[in-house]
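Generate the whole structure from the sequences, applying the supplied hints.
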Amino acid sequence: MALQQIDQFAAKLRPDTRAAVYDGSKKGHEKRTAVLFDHYPDPDHLRRLAGNIKQHVVENLDTLLPAAAAALERNGVKVHWASTAEEANAAVLAIMQARGAKKMVKAKTMVSEETHLADYLGKNGVECVETDLGEFIIQIDGDHPSHIVKPIIHKNRREIATSFEKHGLGAYNDDPQTITRRARAHLRRKYLEADVGLTGANFVTADTGRLVLVTNEGNSRFCLAATKCHIAMVGIEKLLPRETDLGLYLNLLARSGTGQQLTVYTEFISGPRSPAQPDGPEEMHVIFVDNGRTEALASECREILRCIRCGACLNVCPVYRQASGHAYRSVYPGPVGAVLSPLLAGERFPELADLPKASSLCGACNEVCPVNIPIPDLLLRLRARGKEAGAKNAAAGTPPMGAWSLLATQPFAWRTSLTAGHTLNYVPKSLIPVPPMQTWLRDRTLPAWRGGAFRKWMKDRAKK
Amino acid sequence: MSSARDTLLARVKAALAPLPERAPLPDWERELVVMREARGAVDAWTLFSARLAGVNGTPLTSVAELIALLTKSDWRRGYCDPALWAELRPAFDAAGGFTVETTFDRARVDDYQFGITAAVGAIAETGTVVLSDAATSSRLAALAPWTHIAVLRRAQIHLDLPAAIAALPKDPNVVWCTGPSKTADVEGILIEGVHGPGIQVALLLG
Amino acid sequence: MAHAQSALITPSSRPAGKRVQMMATCLCDAFYDDVARATVEVLEHLGCTVEFPEGQTCCGQPAFNGGDWEASRRVVRHTAKVFAGDLPIIVPSGSCAAMMFHGAPLEFEKQPDLPEIEALGKRAWELVDFIVHGLGVKTWPGRYQAKVAFHRSCHSRGTCTGPAALALLSSIAGIEVVPFGEGEQCCGFGGTFSVSFPNVSKGMGTLKLEHIRAAQPDVLASIDMSCMMHLGGLAEKDGKPIKTLHVAQILRDALKNA
Chain A
27 MALQQIDQFA
37 AKLRPDTRAA
47 VYDGSKKGHE
57 KRTAVLFDHY
67 PDPDHLRRLA
77 GNIKQHVVEN
87 LDTLLPAAAA
97 ALERNGVKVH
107 WASTAEEANA
117 AVLAIMQARG
127 AKKMVKAKTM
137 VSEETHLADY
147 LGKNGVECVE
157 TDLGEFIIQI
167 DGDHPSHIVK
177 PIIHKNRREI
187 ATSFEKHGLG
197 AYNDDPQTIT
207 RRARAHLRRK
217 YLEADVGLTG
227 ANFVTADTGR
237 LVLVTNEGNS
247 RFCLAATKCH
257 IAMVGIEKLL
267 PRETDLGLYL
277 NLLARSGTGQ
287 QLTVYTEFIS
297 GPRSPAQPDG
307 PEEMHVIFVD
317 NGRTEALASE
327 CREILRCIRC
337 GACLNVCPVY
347 RQASGHAYRS
357 VYPGPVGAVL
367 SPLLAGERFP
377 ELADLPKASS
387 LCGACNEVCP
397 VNIPIPDLLL
407 RLRARGKEAG
417 AKNAAAGTPP
427 MGAWSLLATQ
437 PFAWRTSLTA
447 GHTLNYVPKS
457 LIPVPPMQTW
467 LRDRTLPAWR
477 GGAFRKWMKD
487 RAKK
Chain B
4 MSSARDTLLA
14 RVKAALAPLP
24 ERAPLPDWER
34 ELVVMREARG
44 AVDAWTLFSA
54 RLAGVNGTPL
64 TSVAELIALL
74 TKSDWRRGYC
84 DPALWAELRP
94 AFDAAGGFTV
104 ETTFDRARVD
114 DYQFGITAAV
124 GAIAETGTVV
134 LSDAATSSRL
144 AALAPWTHIA
154 VLRRAQIHLD
164 LPAAIAALPK
174 DPNVVWCTGP
184 SKTADVEGIL
194 IEGVHGPGIQ
204 VALLLG
Chain C
10 MAHAQSALIT
20 PSSRPAGKRV
30 QMMATCLCDA
40 FYDDVARATV
50 EVLEHLGCTV
60 EFPEGQTCCG
70 QPAFNGGDWE
80 ASRRVVRHTA
90 KVFAGDLPII
100 VPSGSCAAMM
110 FHGAPLEFEK
120 QPDLPEIEAL
130 GKRAWELVDF
140 IVHGLGVKTW
150 PGRYQAKVAF
160 HRSCHSRGTC
170 TGPAALALLS
180 SIAGIEVVPF
190 GEGEQCCGFG
200 GTFSVSFPNV
210 SKGMGTLKLE
220 HIRAAQPDVL
230 ASIDMSCMMH
240 LGGLAEKDGK
250 PIKTLHVAQI
260 LRDALKNA
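Protein chains in written order, with our numbering: chain A, 27 to 490; chain B, 4 to 209; chain C, 10 to 267.
Since the hints were made in silico from the structure, they are not lab data. A portion of the hints provided could be inaccurate.
What the hints assert, rightly or not - Only pairs whose alpha carbons sit at most 25 Å apart, straight line, appear in this in silico DSS-like list of lysine-lysine:
#  : chain 1 : residue 1 : chain 2 : residue 2
1  : A       : LYS129    : A       : LYS216
2  : A       : LYS485    : C       : LYS246
3  : A       : LYS490    : C       : LYS265
4  : C       : LYS90     : C       : LYS131
5  : C       : LYS27     : A       : LYS490
6  : A       : LYS254    : A       : LYS149
7  : A       : LYS149    : A       : LYS216
8  : A       : LYS53     : A       : LYS38
9  : C       : LYS156    : C       : LYS249
10 : C       : LYS119    : A       : LYS485
11 : A       : LYS254    : B       : LYS16
12 : C       : LYS90     : C       : LYS27
13 : C       : LYS265    : C       : LYS147
14 : C       : LYS252    : C       : LYS156
15 : A       : LYS38     : C       : LYS246
16 : B       : LYS16     : C       : LYS119
17 : A       : LYS482    : C       : LYS265
18 : C       : LYS27     : A       : LYS482
19 : B       : LYS16     : A       : LYS104
20 : A       : LYS489    : C       : LYS265
21 : A       : LYS104    : B       : LYS173
22 : A       : LYS485    : C       : LYS265
23 : A       : LYS482    : C       : LYS147
24 : A       : LYS52     : A       : LYS38
25 : A       : LYS489    : C       : LYS27
Right, dumping it as structure tokens:
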């Protein structure tokens, strides 16, 4: 029988990687919960409210996007539009070429991961250096992030020290402080040499045209202090209707993502630097990127576009903890990724149609989501879509339900099977919702078959 | 109007067209997100300094305290906002042994052990100092040196985060700094001073 | 506003009379007849008249979760037919109850008979939820001498069932409810998930058992026998069996010492 790829990946995961992912995500979840419930009497009310405001954004992008673009332009920002990953990358390159720019420093942005921007720029003669410590390590290793907020949750210090040594960043030393200091010294030169700083945006206010960026390391701040040109790649769903809404989302994002009250650097950027300011960009560009988002918007799973990329659903997810982020074969892992990645894939949906199966539907993701996305419902809708599309990888390991449904709609046959199962001392496989018995029995026993016993008891009582 | 814009917006419109109705925009009370500690009669500086200490920042209330801090670590070379230098210089001169510049030379970015700049505000409930292009004389000077000192006035302190949002200045670059730069990327271990300051001071003057 | 819904919300106004219909669930039908018996006995102790529609089979969840909504809808329609009327439907399973009030309406969103399916869901009660919120019973008589670990099965998330079961169990003389680590985590059953993701499922179950064993309970209890079948089966296969019970069985047995 064909097997689910994520389950296979989990089975082969190195024990130390699993331990690192498990511990990191468990700690993240515990911190998040402690902080939210310590600080607020009813965090769930805040989550629902934030979900409702974001749902408004999603369902009104046709008016909010032009409003945001107009506000940004009023602030002196050049706005660009990209429907595909290729267009987004090309827009970045065109801005750089117009300035004769050859070097870019880059803060963490998930949308640039989607478009493989760094690779693209490299092939076009532009040096693109990741500056977030985790992303920098990913870049020198030729690896991929495995968590939205903690990209190297799957790595230990020894692996990092080895790759630092390999890439000329000093003799082997696995002390986290030494690793961080070496990266500081190395990247500082990169910032000062760079022509362009590229960031994403956590939020864009549609009324005032401010980009909001949150980081802890200060790398995006450095990108915007040292370079002369700022490019921001922004997914079209990142809008907030009102600047005042930031008060809600900033409080929820930091607590949900890292268990902090507030991230260390929260930047509000609405244009090129002031004339009197000696440092920072004299030119600012925002590229609004679709890259599959309008597919998600048109689908019955548009709620996923509320996501503010905090990673709380990854941290709490028991499947993520067992399988790690790389199991999801896409930019967005975990519960949010299991919904978002197949949707963003567009025509390639069948390739990722198994992702929505990677869930026990336990609902923990919905319970922690700061914008209350009903992730289990969306996973179920995508499962139905995968079934309709006949995606083989989605079907792997799922028992066929045809015979079962036939039986379960014919009471006589159902009752006969119950008692037959008893007398024949074998389990009628089409009746029990765990038909691949050998898989069940590999790790578990099955209780004794008692088919029909309760119905007989009821009948016997009625006779008395 | 560019065609790239038209194409993208047309896709958005098409995706939303089948919706029978659109989700409304709820109003909300800012009190909802104000933490208990910041409600009612609270001394803003007391709350601010407790919160700043909570994120390993350093609240100070006098120039003498600042000079003691710098002297203890032998941080002698630094940058100071020219407008603030007039106010601070007498105390530094009296202490002696400091080399302070009032223009930040990016070619010698690692020569500065500390940078003193003016804040435009602060948030008490989070221990945050607010910088802006208008108030902060050099973005790099507030970021590159190991120690950043943000000079703050009592009247500038907002009690809570929503108040600070409401008071966001019309400035192209407003930055909230909440403690020293930090990371937990390597095995979840907290390390301070990643790209920005390892020491974040808020100095209350007046 | 469908989009603003949480994954699981207990319906707000449900019928709560003392004449009830009972859905035994396929697992009790096939394996756990004593749980179904305990359900009847507990309900009768509370003065209820329990009807058992003979034509009942399954709530339709296996196919629903598996993505085969066509097959699932056939079964749900059958269930709606069998449980025609307006009596409360009592289910000794949080999972099957949630399928009726949440899952089924989801897969019927575009079906012409959605109203009938929604009406069915609005009559569905998980057993303990019914006892506490339907009948207003807050404490339980009798005695049951045991340290009980209560596994909060996932389909009680967002519903009133989890706290209700915990409160009821805690009120029984002799019971000490012992908390254990990571109580919010899933046991790894997940219906067909348990066989389509056998490795992850086992990993999750093994962790859950470690936490439960550390609390050294006499009994592991739940409102869902599916979780118990998985955890009990894992523990037994591992050579370290644990005693698993449905909350209904504890309630019934406590009455024997009343």
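Just to be careful, I want the Cα atoms of LYS489 (chain A) and LYS27 (chain C) compared with a cutoff of 25 Å; is the pair within it? 22 Å, holds
Need the status of pair LYS27 (chain C), LYS482 (chain A): alpha-carbon distance at most 25 Å? The hint holds at about 24 Å.
Quick one, are LYS52 (chain A) and LYS38 (chain A) close enough, alpha carbons at most 25 Å? Measuring from Cα to Cα gives roughly 21 Å; hence the hint holds.
Are the Cα atoms of LYS489 (chain A) and LYS265 (chain C) separated by 25 Å or less? Holds, at roughly 24 Å.
Could you grab the alpha-carbon distance between LYS119 (chain C) and LYS485 (chain A) and see if it respects the 25 Å cut-off? 39 Å, violated
Sort out whether LYS246 (chain C) lies within 25 Å of LYS485 (chain A), counting only the CA atoms. Outside the cut-off at roughly 35 Å; violated.
What's the verdict on LYS90 (chain C) and LYS27 (chain C), does the C-alpha distance respect the 25 Å limit or exceed it? 22 Å, holds
Restraint status (C-alpha distance of LYS129 (chain A) to LYS216 (chain A) at most 25 Å): 9 Å, holds
Holds or violated: are the alpha carbons of LYS254 (chain A) and LYS149 (chain A) at most 25 Å from each other? 23 Å, holds
Does LYS16 (chain B) pair with LYS119 (chain C) here, judged by a C-alpha cut-off of 25 Å? 23 Å, holds
Run the distance test for LYS265 (chain C) versus LYS147 (chain C): straight-line Cα separation, threshold 25 Å. 19 Å, holds
Is the hinted pair LYS482 (chain A) and LYS147 (chain C) satisfied, with a Cα-Cα distance of at most 25 Å? Answer violated: LYS482 (chain A) to LYS147 (chain C) is near 32 Å, above 25 Å.
Of the hints listed earlier, those the structure fails to meet are numbers 2, 10, 11, 23, in rising order.
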